[in-house]
Each structure stands twice: as structure tokens, then as C-alpha cells.
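Engineer: For reference, the chains in residue letters:
There are 4 protein chains.
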Amino acid sequence: MSDPVAGRRVFDLEQPRWHGAPIHPGHVPPGFSYLLHRRHDPQAASPDGRTGSSGTIVSSDHAGTHIDALTHQAVDGTLCGGIDARSTATAFGYTELGVDTIPPIVARGLLIDLGVVEPDGWIGVDRVRRTAEEQGVEPGRGDVVLVRTGNGVHWDDPARYLRASGMQGSVSQWLADAGVLAVGADNMAWDYAGGADPELGINLPGHVILLVRGGVYIIENLFLEELAAAGVHEFDFVCTPLKIRGATGSPVRPIALA
Amino acid sequence: MSDPVAGRRVFDLEQPRWHGAPIHPGHVPPGFSYLLHRRHDPQAASPDGRTGSSGTIVSSDHAGTHIDALTHQAVDGTLCGGIDARSTATAFGYTELGVDTIPPIVARGLLIDLGVVEPDGWIGVDRVRRTAEEQGVEPGRGDVVLVRTGNGVHWDDPARYLRASGMQGSVSQWLADAGVLAVGADNMAWDYAGGADPELGINLPGHVILLVRGGVYIIENLFLEELAAAGVHEFDFVCTPLKIRGATGSPVRPIALA
Amino acid sequence: MSDPVAGRRVFDLEQPRWHGAPIHPGHVPPGFSYLLHRRHDPQAASPDGRTGSSGTIVSSDHAGTHIDALTHQAVDGTLCGGIDARSTATAFGYTELGVDTIPPIVARGLLIDLGVVEPDGWIGVDRVRRTAEEQGVEPGRGDVVLVRTGNGVHWDDPARYLRASGMQGSVSQWLADAGVLAVGADNMAWDYAGGADPELGINLPGHVILLVRGGVYIIENLFLEELAAAGVHEFDFVCTPLKIRGATGSPVRPIALA
Amino acid sequence: MSDPVAGRRVFDLEQPRWHGAPIHPGHVPPGFSYLLHRRHDPQAASPDGRTGSSGTIVSSDHAGTHIDALTHQAVDGTLCGGIDARSTATAFGYTELGVDTIPPIVARGLLIDLGVVEPDGWIGVDRVRRTAEEQGVEPGRGDVVLVRTGNGVHWDDPARYLRASGMQGSVSQWLADAGVLAVGADNMAWDYAGGADPELGINLPGHVILLVRGGVYIIENLFLEELAAAGVHEFDFVCTPLKIRGATGSPVRPIALA
Numbered sequence: 206m207s208d209p210v211a212g213r214r215v216f217d218l219e220q221p222r223w224h225g226a227p228i229h230p231g232h233v234p235p236g237f238s239y240l241l242h243r244r245h246d247p248q249a250a251s252p253d254g255r256t257g258s259s260g261t262i263v264s265s266d267h268a269g270t271h272i273d274a275l276t277h278q279a280v281d282g283t284l285c286g287g288i289d290a291r292s293t294a295t296a297f298g299y300t301e302l303g304v305d306t307i308p309p310i311v312a313r314g315l316l317i318d319l320g321v322v323e324p325d326g327w328i329g330v331d332r333v334r335r336t337a338e339e340q341g342v343e344p345g346r347g348d349v350v351l352v353r354t355g356n357g358v359h360w361d362d363p364a365r366y367l368r369a370s371g372m373q374g375s376v377s378q379w380l381a382d383a384g385v386l387a388v389g390a391d392n393m394a395w396d397y398a399g400g401a402d403p404e405l406g407i408n409l410p411g412h413v414i415l416l417v418r419g420g421v422y423i424i425e426n427l428f429l430e431e432l433a434a435a436g437v438h439e440f441d442f443v444c445t446p447l448k449i450r451g452a453t454g455s456p457v458r459p460i461a462l463a
Numbered sequence: 206m207s208d209p210v211a212g213r214r215v216f217d218l219e220q221p222r223w224h225g226a227p228i229h230p231g232h233v234p235p236g237f238s239y240l241l242h243r244r245h246d247p248q249a250a251s252p253d254g255r256t257g258s259s260g261t262i263v264s265s266d267h268a269g270t271h272i273d274a275l276t277h278q279a280v281d282g283t284l285c286g287g288i289d290a291r292s293t294a295t296a297f298g299y300t301e302l303g304v305d306t307i308p309p310i311v312a313r314g315l316l317i318d319l320g321v322v323e324p325d326g327w328i329g330v331d332r333v334r335r336t337a338e339e340q341g342v343e344p345g346r347g348d349v350v351l352v353r354t355g356n357g358v359h360w361d362d363p364a365r366y367l368r369a370s371g372m373q374g375s376v377s378q379w380l381a382d383a384g385v386l387a388v389g390a391d392n393m394a395w396d397y398a399g400g401a402d403p404e405l406g407i408n409l410p411g412h413v414i415l416l417v418r419g420g421v422y423i424i425e426n427l428f429l430e431e432l433a434a435a436g437v438h439e440f441d442f443v444c445t446p447l448k449i450r451g452a453t454g455s456p457v458r459p460i461a462l463a
Numbered sequence: 206m207s208d209p210v211a212g213r214r215v216f217d218l219e220q221p222r223w224h225g226a227p228i229h230p231g232h233v234p235p236g237f238s239y240l241l242h243r244r245h246d247p248q249a250a251s252p253d254g255r256t257g258s259s260g261t262i263v264s265s266d267h268a269g270t271h272i273d274a275l276t277h278q279a280v281d282g283t284l285c286g287g288i289d290a291r292s293t294a295t296a297f298g299y300t301e302l303g304v305d306t307i308p309p310i311v312a313r314g315l316l317i318d319l320g321v322v323e324p325d326g327w328i329g330v331d332r333v334r335r336t337a338e339e340q341g342v343e344p345g346r347g348d349v350v351l352v353r354t355g356n357g358v359h360w361d362d363p364a365r366y367l368r369a370s371g372m373q374g375s376v377s378q379w380l381a382d383a384g385v386l387a388v389g390a391d392n393m394a395w396d397y398a399g400g401a402d403p404e405l406g407i408n409l410p411g412h413v414i415l416l417v418r419g420g421v422y423i424i425e426n427l428f429l430e431e432l433a434a435a436g437v438h439e440f441d442f443v444c445t446p447l448k449i450r451g452a453t454g455s456p457v458r459p460i461a462l463a
Numbered sequence: 206m207s208d209p210v211a212g213r214r215v216f217d218l219e220q221p222r223w224h225g226a227p228i229h230p231g232h233v234p235p236g237f238s239y240l241l242h243r244r245h246d247p248q249a250a251s252p253d254g255r256t257g258s259s260g261t262i263v264s265s266d267h268a269g270t271h272i273d274a275l276t277h278q279a280v281d282g283t284l285c286g287g288i289d290a291r292s293t294a295t296a297f298g299y300t301e302l303g304v305d306t307i308p309p310i311v312a313r314g315l316l317i318d319l320g321v322v323e324p325d326g327w328i329g330v331d332r333v334r335r336t337a338e339e340q341g342v343e344p345g346r347g348d349v350v351l352v353r354t355g356n357g358v359h360w361d362d363p364a365r366y367l368r369a370s371g372m373q374g375s376v377s378q379w380l381a382d383a384g385v386l387a388v389g390a391d392n393m394a395w396d397y398a399g400g401a402d403p404e405l406g407i408n409l410p411g412h413v414i415l416l417v418r419g420g421v422y423i424i425e426n427l428f429l430e431e432l433a434a435a436g437v438h439e440f441d442f443v444c445t446p447l448k449i450r451g452a453t454g455s456p457v458r459p460i461a462l463a
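If you read the sequences in order, they're chains U, F, P and C. If you want this note's numbering, it's the position in the first sequence, counting the first as 1, plus 205. If you want this note's numbering, it's the position in the second sequence, counting the first as 1, plus 205. If you want this note's numbering, it's the position in the third sequence, counting the first as 1, plus 205. If you want this note's numbering, it's the position in the fourth sequence, counting the first as 1, plus 205.
Pulled out of the complex, with its shape left as it was, chain U reads as follows (with noise of 0.2 Å):
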């Protein structure tokens, strides 16, 4: 075997679940929730006084720290690699592209600390390349970058969460150029989802740019404050989508190893 994992420094990146976290509005109902509906009934019990206990996840596909399936964006209703949207689309997923198509992601990660990023605007790529190279952070092919705006510290506070600050086009386009295989940021949609990019004129840009152009997974509601106050530029990262047949997304629990 390789040099062993076991005992490197694990940053763990997923916000905590449950249904006061902040959620885009598009993406309520359903929200999430938990629900515990088994519970340690000494009725229920076995002879030896053993009893289980169980609950309920209800979750959209995009609550949380999650990751974006390249079928959860279309432009002109087609998917990314000019796949039909509709006639690809059933009651219970997709045919094609769903999350379960992604393979466990094992990838040099790269984190550019922006800092602490001022709330309710774009965030351009000139700022974000000079970060990067300040911070000796080079993206590549199959890389996965990770950038932080210091909005992670708000997700007990959901109005405030969701007012941070995203990527403009160029960021996405930048690292869409750069062949990475995925890109995750500290706040709710990568982009800023509070107008049309000023450059573009469109929404979501990188949502477009990335997912339907370039086919690079996004994730999203990473938490990234350990890793940056470790300065942590450079990792093993590793992120695990739930191979739910056909989605647009999944919840996930990535890691960054130092």
C-alpha cells in the first residue's frame, strides 16, 4: 500500500444538517428534514430489552453541502454534451447524467482564501487569479478548486448567509479553461445569486459555464474556515456524492486532507 492516510490531518467540510440551515428559496419546498418517528419503546422491545431506532430524511437534492449533477442546469433544454432534458427526464430522475454517474471524487483540491469577501456582489476574476497566485495556487486538469469568501461563518444565520458574494462568468470560465473537475465555494450558488453578472448579462453564470458548457461539478455550501485558518492551500480532497439514481444532486460530506 501507498503511504497510509490513517493519520493525516482531516479538515472536514460539510455545515451541519438540519432544517433552520440556511436553503436557497428555490429549493423550498422541500427543504429538509429530519423526522424521528421510531423511537426506544420498551413496548417495542425484543426479550433482551433491545429496541431500535429510526427517522426520516426529507431533502432536496440541493440542501446543504451538496454537489451539483451536470443534470441539474439546461440551457435551450438541453444538458451538458447536447443531451435531450426532457425526453431524458422521468418521475423518479434521469436516464442520463445523474449524480450517480459522478464517480467517488479522489483529487488534488486547491483552496483560494479570499478572505473575508464583502456580501452582495460579484466576486471578478482578477481578484481571484492574483489571490491565487499570491497563494501559489496553480489550477489544473482534474483538480478541484475551492474557493473562500468567508461566508461560512454565517449559516446559523440564514439571511445573512445567503446574501454573500459569487463568482462572475470569468471566475467559472477561468477554471472551466483550466480542464478542473469540480469547483465549491463557501456560500449557496457559487455565483452570486443576486442579479445578472455584470459582464455577461445573465444569472447563475457559472452554472451555465461550468455545468452545462464545461461539465465541471459544482459544490456547494462548503465550509471552509479550518482548512483556510490551517493555511491549507494544497490537499487531497475527497468528496463521496450518494449514487441516488438519476438525480440532480446529492448531499455530501467532502474532506480535505493535509
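One or more hints might be untrue.
To be verified - Pulled from the structure, derived: some chain C residues nowhere near chain U, Cβ distances all over 12 Å: (1) G326; (2) V342; (3) A383.
Claimed, not checked - A short, non-exhaustive set of chain F residues, derived as facing chain P with CB atoms under 10 Å: (4) S238; (5) R244; (6) T261; (7) F297.
Calculated directly from the structure, the hints in this document are not laboratory data. Predicted model, so just to flag it, every value in this text is computed and none were measured. Heads up, the beta-carbon is just placed ideally off N, CA and C, and yes, glycines get one too.
Following the hints, complete the assembly by docking chains F, P and C onto the known chain U.
Structural biologist: Coordinates of chains F, P and C only, in the frame set by chain U:
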């Protein structure tokens, strides 16, 4: 950074997730559903033709490949470590020992490959230990020990899948004594679900020995065929339970890095 | 006020609702679940000892005794009245003809009691009309016509229940021509669900004739045993579909007032 | 048959049901969702072009216009009639007093129209009784008594709706003493939800007096504007709770027949 993992072989240990997959009858309802509610409708497109699609997950926290949290089992109303099962239960999960308290699991993984085990019975500790020795597997503190019974090939045949054999309490006791962090197998319950342990006289002995007494997590419905075919017995094991506050388990997609 | 109804005999025409009840396989998932998540926990009591308990319903809009809205069926992408099925569909239901557009149904009800019909076949119009005549039943404009096949006694045996015979298209046509408001029966689909209509060569002929062409609602899984046993053939029928915006059906508990 | 009801004026007393409607925060999650998952997809059409569409209801049993079953409230762990709240609770509902034990309600209905009541306060028994007398309303055994506060017009404004005033315990006691079958109002909780009863010093006094002590059902979120506008104070009231086994409540669409 240490030796990067990015180039290593990744084994995907999750079974596909869909509503027709095997599930323990005790977890139906809610079972597992993925329902696609938001489609790429032209009438909902933005001016540039972009549309979004998303769906709803309704799932038992014990559906598919999943990990059991310590809240999943109790004896005489008491969880692992003497915590009262009743006063810690709320409508939305447990205030202690929920699945969100499990850190990302990054550990040495070990595979004990029993080959193809006959269904409908208990698997004793002699068989498991002998096989482990033959395969050079020696469980120790903090390890994750996976046992293959060959049952994973029946995932598309729920009735057959549910007949899988499972571990006698003596197997669980051996591993608990070794101080392992977690165990897992390619069946529904780790234990044999068809009756009482021939030595201990209780149902689901591993659920008591591991979860309640030992504080050892159980991972169920693993897909171990490829790992076994590759003859890998020691590996880096990564499993990241979703931090669903207070839940009794979580769907997971564990991987082995060889 | 008119003659009050309070003292009249009430026949409950709903089957019990629980997760083990018969359901059409096309409506699983989501099927039907009722999950009790909030219990009367002493730790959540108010100072005077009061506690509240509540649960979660997860249900197909076609589970149990229910009414089909006109959005439930289309032919060539067109709903009743020429409405386009596609452009009126949203993630959260239809913008037209949803079940919320059905007023409370308070109408003359008529029972055609066919006795105990053999399972696994079609029921032709001759048999239904002859029985109606013998029983003095003459369907007219605005009536709700219920047909008993005796299948309701099998509600606790889903496999047997689903084998119920159903109405040939000729029966549906006869009732549509009579101008009835709604029809109902004690089976899963009004139609026989086991194949093509012997005369029309199509599946579910009543779903086309009644819902798409006729604008006539269908009520399924009625319990008609007590009404039949009482020999009541004409009655006041009350059925109040829930006003779920845009839904394709609604659970109902219809009653007959004799 | 008695005087048929078919020609009588029907008042629909249900508020529209959708995810944006007011709901008590204690019932979120799960709140209310209707998700359309099966659409009229041409690729799923039968040879004659027929397609089916259906959706999923995810709902608290206390969302929208609904009835409270006697299992909904307990005092000191005891339900109405001295039944133990704990040992009768299961993962899937209560073994006794569930909403499925409520027969179809067909009763004399009475409307006490208080006009438009100021929000944010308690409504005392003097006001209610005086108004009842003025309107010729005399509650008696088996009646269903509805009280209008004018709050129903705010259904599209959840924040305002939830500020509705409600009945002091003295109102509930007066009606319980009269032996009524059920009460209802055009607010979220019958009681005022904003604090303790000024005389009794407890929250939700009616929930204790009616559900726990009196065995009187409560119907919440009624739409009473049309009934009041018509000046109808005595009517036939019909309300048919769904027979959800063991549930603590049920969505309903009650009607008044004048």
C-alpha cells in the same frame, strides 16, 4: 503534503440507491424515494434559456449503504455509555450521539473475504478468524473491518439479498475486543436477521455488542465485490456520514483507496 | 333551514389509510406513510404538564380512497377541454384543472350493486345497465354513480384487492353520455387494470372517456359494503377533495346520507 | 329518502392548501409540500397516446384547515379518558384515539360571528356568549360551533394570519359544558397562541379543556367569510377527517349546507 492519493485506485463500496433496492422491512415506511419535481421547463427559463431541475429525497436513515449511529440501538432504554434513550429523543432527532457526532472516518481498512457464503445462517467466529489469518488480516485499534459474504451481487434481487447470512455475536465480540472503530459487511444487518444467535440466544447480537456496549459503528449494504476481486485486504478506508443533526444513521458512499 | 341532515344515517365510504393498504404500483414511490415524529415527551411539557404530538403524512395523491382530478390523465399531451398538459405543469402542480378546482361535491348519489363480481376481468355495459334497471337506478345529469363489485372486502389483502375486475369503456361511455358529475367503484382504477379493453383495445378506457373527454371525476377505492347491505340505491353523496393547489388528485372520505 | 341536500347552498370552509400558506411553526418541519413528480411525458405514453400524472404530498397532520384528534394533546402524559400517551404511541401513530376513530361529522352547525376581531389578544366568554345570544345561537349537545374572528381574510399573509386572537379558556369551558361535538375557528389554534390565558395562566387552554378533558374536537383554519356574509348561523355541518390510522389530526375540507 504527504504522498497524494489522487492517483491511487479507488474502490466504490456503495450500492446504487433507488426505490427498488433492498431495504429492511422495519424501515418501510418511509423506505427510499427519489422524486423529480422540478424539470427543465421552457416556461420557467431565464432570458438566456437557462433552466434548473431538482428533486426530493424521502428516505429512511437506514436505507441503502449506510452507517448506524450509536443512537440506533438501546438496551433497557439506555444508549451506549449509559445515556438515557428517552430523554435525549426529540421530534427531530437525539440531543446526544447522533450521526452528526461521527467524525469523517479515515482509517486503516481491512477486508476479510469469506468468499461466497451460503444464505440463511449464522457465520461463526472460527470461520472469520481463520480466514482473517489466512489473508494476513489482523484487526487492531481504530481499524475498520469489512467482511465479504458475496451477498452484494444480489442487490437487484431484494428477496434473495435479504436472506444473507450474518455474523454471530462471537464475531462482533472479537472485533469489539480488538478495539476497531467500525465494522461493515455486504448484507442488510451485519448480523443474520433470521432469528436468534445460536450461542447468545438474542436477535441482532452485533447491534448490542457493537453499538450499545462497544461504541463501534456498523456499516451495512457495502459493495465489496471489486475490492475482493482485486485481492486487496488492507487499504485506506474513507467514509463520511452526513452530519444530520441527531439522526440514527446516514446514507454513505464509502471508498477504499488501494 | 331545510330538513336537517344531522339525524340521518351516514355511510362512511372510505377505506382505512395506512402504509400496508393496497396501492397501484405506479404510485409507489411515494406510496403512503404516516410517521409519528412528535410525541408527548415530558421534557417538552409546558409548566402545566401539557404536551403536543403530531406526525407527518407522505402520500401519493392517488393513495387510498381518492378522487382523480382532470389533470391526472391526458391524451396526446392534452388535458380535458384542450388544455396543454405540458405548459400548465410546474414543480408544484398544474396551473389549471388541479384538484383544487373541484367544488365540494354534494350531489344525488346512486348505487349500482353488481354483487360479488369475479376478479380478473372486464365488466360490460349490458350487465351494469341491466342491474341498474333492476335496482331502479337511472343515472342523470349531475349525479354521482357508484358501482359495487364486492371487492372492498379485500382491502387487507393487497394482492387480491388489485386483481379486481373493472368497467369496460362502454360503461364509462354510458355514464358520460348521461352527464354524471362523477363515478366511483370499490376497486383501484374503476377500469380493469389488467390489460386492454376488449372492444376499444386501449388500457384504462374510463380514464380517457371520463377524465379527458368527459370531464367526469373518478373516485377510487370506495368502501361500498355497508351501503349495499342496507339496500340503499339513492342517497345524498358528499365528497370534499382537499384543495391542494394544482394536484392531480386528493385523498377523500366520501359519505352517503340515506 | 329525506329532503335531498343536492340543491342546497354549499359553503366551502377550507382554505387553499399550498406550501406558502400559514402554518404553526411547531409543525415545520415537515410543513406542507405538494410536489409534482410524474408528468404527462410523451415517452411514457400508451399506444393510444394516454399519459398519467401524479404528485406527492408531504404534510404535517396539522397543516392547513384541519381537525385535531384527541391524541394531539396530553396532560401529564395522559390523553383524554385517562389513556397513557406513551405506551399507545408507535412509530406509525397511536393505537388508540387516532384521527381514524372520528366518525364522519354530520351535525348541526352553529356560527357565532364576532365580526372582525382585533389581533394579538384573548377573546373572553362574555363577548362570545353575548354575540351568540344576539345571533340566536344556543350551543347544545352534539353541535359543532364555529366562531368567526374575521382572520380568514389574511390567509395569504402568514405573518398577519398568525397574530390572530383566540378564545380564552372560559369560552372553551362554556362550549365543553354545553356538550358540543366539535368547535372551530378561523385561526391557527382556536386559542390565542401568543401567551398564557389571563385567567387560567396556561398556554392553549382550549387544547386542554376541549381535547384532553372534554373529548371535544377542534377544527382550525376554517374559512368563514362567506358563511358570515350570508348571515347563516345555523346549518348542516359536514366534515370528514381522513382515516389515517393513529394520526393526531387530519386535513379536512368542511362544508356548511344552508
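Engineer: So which of those numbered hints doesn't the model satisfy?
Structural biologist: Result: no hint breaks.
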